[in-house]
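Visitor: Generate the whole structure from the sequences, applying the supplied hints.
Sequential numbering from 535 applies to the sequence shown in the numbering used here.
Don't take every hint at face value.
Each pair of labels, with its calculated beta carbon distance range [as the list claims (entries may be wrong)]:
1) A880 <-> V803: 38 to 44 Å
2) A683 <-> W617: 25 to 31 Å
3) D754 <-> A927: 54 to 60 Å
4) A884 <-> G547: 24 to 30 Å
5) Q881 <-> E751: 30 to 36 Å
6) G547 <-> P805: 16 to 22 Å
7) R930 <-> Q755: 57 to 63 Å
8) D865 <-> G747: 26 to 32 Å
9) A636 <-> G798: 45 to 51 Å
10) A574 <-> I682: 51 to 57 Å
11) A900 <-> L801: 27 to 33 Å
12) V800 <-> A625: 28 to 34 Å
The set of hints was computed from the structure by calculation and includes no laboratory data. Source: prediction; values computed, not measured. Where a beta carbon is used, it is the ideal one built from N, C-alpha and C, also for glycine.
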Amino acid sequence: MSAFLFVVPPLTGHINPAVGVATRLAARGHRVAWACADPALVRRLAGTDAEVHACAGPVPGAQGVARPPDLRGAEALKFLWEWYLLPLADAMAPGVRAAADAFRPDVVVADQQAFAGALVAERLGLPWATSATTSAEFTGAYDGLPKIAEWLERSLAGLRDRIGAPSGTADPRFSPHLLLIFSTPELIGPQAPLAPHIHYVGPSLAGRPAGPGFPWERLDQGRAKVLVTLGTANADAGARFLAECLTALRDRGDRVQGVIADPGRVLPVPPGDKDVLVLPSVPQLALLERMDAVVCHAGHNTVCEALWHGAPLVVAPIRDDQPVVAGQVVDAGAGVRVRFGRVRAAQLGAALDTVLTDRTHRAAAARIRTAFRAAGGARAAATHLEHLAHLAAESR
Numbered sequence: 535m536s537a538f539l540f541v542v543p544p545l546t547g548h549i550n551p552a553v554g555v556a557t558r559l560a561a562r563g564h565r566v567a568w569a570c571a572d573p574a575l576v577r578r579l580a581g582t583d584a585e586v587h588a589c590a591g592p593v594p595g596a597q598g599v600a601r602p603p604d605l606r607g608a609e610a611l612k613f614l615w616e617w618y619l620l621p622l623a624d625a626m627a628p629g630v631r632a633a634a635d636a637f638r639p640d641v642v643v644a645d646q647q648a649f650a651g652a653l654v655a656e657r658l659g660l661p662w663a664t665s666a667t668t669s670a671e672f673t674g675a676y677d678g679l680p681k682i683a684e685w686l687e688r689s690l691a692g693l694r695d696r697i698g699a700p701s702g703t704a705d706p707r708f709s710p711h712l713l714l715i716f717s718t719p720e721l722i723g724p725q726a727p728l729a730p731h732i733h734y735v736g737p738s739l740a741g742r743p744a745g746p747g748f749p750w751e752r753l754d755q756g757r758a759k760v761l762v763t764l765g766t767a768n769a770d771a772g773a774r775f776l777a778e779c780l781t782a783l784r785d786r787g788d789r790v791q792g793v794i795a796d797p798g799r800v801l802p803v804p805p806g807d808k809d810v811l812v813l814p815s816v817p818q819l820a821l822l823e824r825m826d827a828v829v830c831h832a833g834h835n836t837v838c839e840a841l842w843h844g845a846p847l848v849v850a851p852i853r854d855d856q857p858v859v860a861g862q863v864v865d866a867g868a869g870v871r872v873r874f875g876r877v878r879a880a881q882l883g884a885a886l887d888t889v890l891t892d893r894t895h896r897a898a899a900a901r902i903r904t905a906f907r908a909a910g911g912a913r914a915a916a917t918h919l920e921h922l923a924h925l926a927a928e929s930r
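Guide: Here is the structure:
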């Protein structure tokens, strides 16, 4: 039996993939604990009995952490790092150190954006694995942004001086021991790096709380079905886009039924609407089994979950890693890209018609689905972590 400490940022899209892996490890008899700045979020996603060590740190949406919704491109990326990820690492570090002292892990599993996990593990001489919940870092996320790349390098060096091992050399985003990427080269493309310690395991999917009852009986089996979602962190930026989606779906009501996730409750839709179902939250994994296409913001988890089910996509990236992931979708042939800030209902409708009727998009989505399912997901990730723990035990 080994002990694994998962260090995660308080972000749903980063915790969910780790939950599947942690569940597999626990089922095999290993001890699992978490370190996070939002213990309640971890327990909501991983189960109320999860062992969670609280850390300090900013939680998205809290005062002083909210990002202006109109930030895009390099400005949005710099804001993410300067005002969130780097302060989060500094704030989490004492809690991660305390969690390691109390739990005594054999291996630290650090999310790619929870730098404190990697640097504290390095300082303590513990083996650590990277949980890469977005593949954007592997396909030139900073190409064309040399000043941002140089600033990031200096910032990470300063972070290591503060909380890591001064003699360390590893980038805290990329473990030299084990790098678990929740995607495959079939989506990432030819830039996907290869090395003995890099493993492409595909999506890590686990059961999730269903939330309020979904009206399954209202789904029309005689029409194509489309899910529209902007994920868990974009409600502030999505009102106009969702309204255009609503119009595009209604214009196709004779042959298409839409489901729109509207957490901000910005769409005025009658409760009994038969053409478009609008709800504040939806059981995404269960719903995707019945969807013919997905319209989304190109968030990594949403894209991978859609392609796990073979559903082609219309992607409208907003910021951060989303433009890179959208590029992966288009280059793989599994979807069409539109401009989030400018697209209108007519263009959205045309893109949706394309992915619903063009066989090449569906074939590409099916090819990626096959690769994802062969990669092993949470089961494979758990096995690689067990192997790392075994090697660490042998070296002691």
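Visitor: For each hint, tell me whether it holds in the structure or not.
Guide: Here's how the hints hold up against the structure:
no., hint, in the structure
1, A880 <-> V803: 38 to 44 Å, "violated, 20 Å"
2, A683 <-> W617: 25 to 31 Å, "violated, 18 Å"
3, D754 <-> A927: 54 to 60 Å, "holds, 56 Å"
4, A884 <-> G547: 24 to 30 Å, "holds, 29 Å"
5, Q881 <-> E751: 30 to 36 Å, "holds, 33 Å"
6, G547 <-> P805: 16 to 22 Å, "violated, 29 Å"
7, R930 <-> Q755: 57 to 63 Å, "holds, 58 Å"
8, D865 <-> G747: 26 to 32 Å, "violated, 39 Å"
9, A636 <-> G798: 45 to 51 Å, "violated, 39 Å"
10, A574 <-> I682: 51 to 57 Å, "violated, 33 Å"
11, A900 <-> L801: 27 to 33 Å, "holds, 32 Å"
12, V800 <-> A625: 28 to 34 Å, "holds, 32 Å"
Going down the numbered hints, you'll see the structure goes against 1, 2, 6, 8, 9 and 10, while the others check out.
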